[in-house]
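**Q** These are the residues of each chain, in order.
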Amino acid sequence: EAQVTQNPRYLITVTGKKLTVTCSQNMNHEYMSWYRQDPGLGLRQIYYSMNVEVTDKGDVPEGYKVSRKEKRNFPLILESPSPNQTSLYFCASSFRTESNSPLHFGNGTRLTVT
Amino acid sequence: LAKTTQPISMDSYEGQEVNITCSHNNIATNDYITWYQQFPSQGPRFIIQGYKTKVTNEVASLFIPADRKSSTLSLPRVSLSDTAVYYCLVGDKAAGNKLTFGGGTRVLVKP
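Protein sequence lines, in the order shown, are assigned to chains A and B. With the working numbering applied, the first sequence corresponds to residues 1 to 114, in that order. With the working numbering applied, the second sequence corresponds to residues 115 to 225, in that order.
Everything labelled a hint here was simulated from the structure, so no lab data went into it. Idealized CB from N, CA, C, for every residue including glycine. Treat the hints with care, since some could be wrong.
[Unchecked claim] Label pairs and their computed distance ranges (CB to CB):
(1) LEU194(B) - MET27(A): 40 to 48 Å
(2) VAL54(A) - ASP125(B): 42 to 50 Å
(3) THR15(A) - THR167(B): 29 to 37 Å
(4) PRO225(B) - LYS69(A): 21 to 29 Å
(5) ARG191(B) - VAL14(A): 47 to 55 Å
[Claimed, not checked] Straight line, CA to CA, 20 Å or less: simulated EDC-like cross-link-like pairs of lysine to aspartate or glutamate:
(6) LYS117(B) - ASP59(A)
(7) LYS57(A) - GLU30(A)
(8) LYS212(B) - ASP56(A)
[Claimed, not checked] Examples of chain B residues lying across from chain A (beta carbon under 7 Å, computed):
(9) ALA142
(10) TYR146
(11) PRO154
(12) PRO158
(13) PHE160
(14) GLN163
(15) PHE215
Throw the hints in and build the complete structure from the sequences for me.
**A** Okay, structure coming up:
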């Protein structure tokens, strides 16, 4: 089944403790992206990747890192999480070379930083 | 960077048509307009996409005027299961552009 898989679904951590949220897709998509969703603010793009070893900042990249060593994986790294990063995070992927290919989203990771 | 604006919420009743307009005044030449639907605790899912004029599929229609500065998603004869948040997305990822979502429109369908 074609899908985007995020792990974990729920995560509670403390300020400053490094964490990684994994994202994997099995559709051979070149494009991958991370979004955070907060009440009243909709979906905001954190980072995106056009292909392996190519990443770029979205609208809210501060406090986050990403890597794209393999085509299928695009982990989101929080080196020193802070409470303002408490949010619902979504990973998405699609074909890059087709502007009109839709995004496929994972089911989300709800992160709480205390 | 195309910024999008949508109404925050709208209510409707079963069987009615729902129209949601998204404003994107700074849309670029190569940008596509895509609409997504999101249910609670799930990721957004694709509904429909267009570049200009009108597009129709089995679940919705998308109307885009000639100047492309806005678009209207039309959901015909909604049911209770259409209660969700609807997002407008404008961008051209093939060009490496950021993809900017609108704030979303919460649609409540009442019996």
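**Q** A separate judgement is required for each hint: does it hold in the structure or not?
**A** A quick look at each hint next to the structure:
Taking the beta carbon of each, LEU194(B) and MET27(A) are about 31 Å apart, not inside 40 to 48 Å as hinted. The given range of 42 to 50 Å is respected by VAL54(A) and ASP125(B), whose C-beta atoms sit roughly 44 Å from each other. In this structure the supplied range 29 to 37 Å is violated for THR15(A) paired with THR167(B), their Cβ-Cβ distance being about 51 Å. Between PRO225(B) and LYS69(A) the beta carbon distance is about 51 Å. The supplied range of 21 to 29 Å is therefore violated.
Distance hint check: the CB atoms of ARG191(B) and VAL14(A) are about 50 Å apart, consistent with the given range 47 to 55 Å. For the proposed pair LYS117(B) and ASP59(A), the alpha carbon gap of about 12 Å is at most 20 Å, so the pair holds. For the given pair, LYS57(A) sits about 16 Å from GLU30(A) by alpha-carbon distance, which is consistent with the 20 Å threshold. Taking the CA atoms of LYS212(B) and ASP56(A), the gap is near 9 Å; set against the 20 Å cutoff, the hint holds.
At a threshold of 7 Å, the smallest CB-CB gap from ALA142(B) to chain A is about 11 Å, leaving the interface hint violated. With a least beta-carbon distance of about 5 Å to chain A, the hint placing TYR146(B) at the interface is held under the 7 Å criterion. Taking 7 Å as the C-beta contact cut-off toward chain A, the hint placing PRO154(B) at the interface is violated, the least distance being around 10 Å. Interface restraint check for PRO158(B): the shortest CB-CB distance to chain A comes to about 5 Å, inside 7 Å, so the restraint holds.
The beta carbon of PHE160(B) is positioned within 7 Å of a beta carbon in chain A (closest approach about 4 Å), and the interface hint is therefore held. Interface restraint check: GLN163(B) against chain A, minimum CB-CB distance 6 Å, threshold 7 Å, status holds. For PHE215(B), the shortest C-beta to C-beta distance to chain A is roughly 4 Å, which falls under 7 Å, so the interface hint holds.
The earlier numbered hints that this structure contradicts are 1, 3, 4, 9 and 11.
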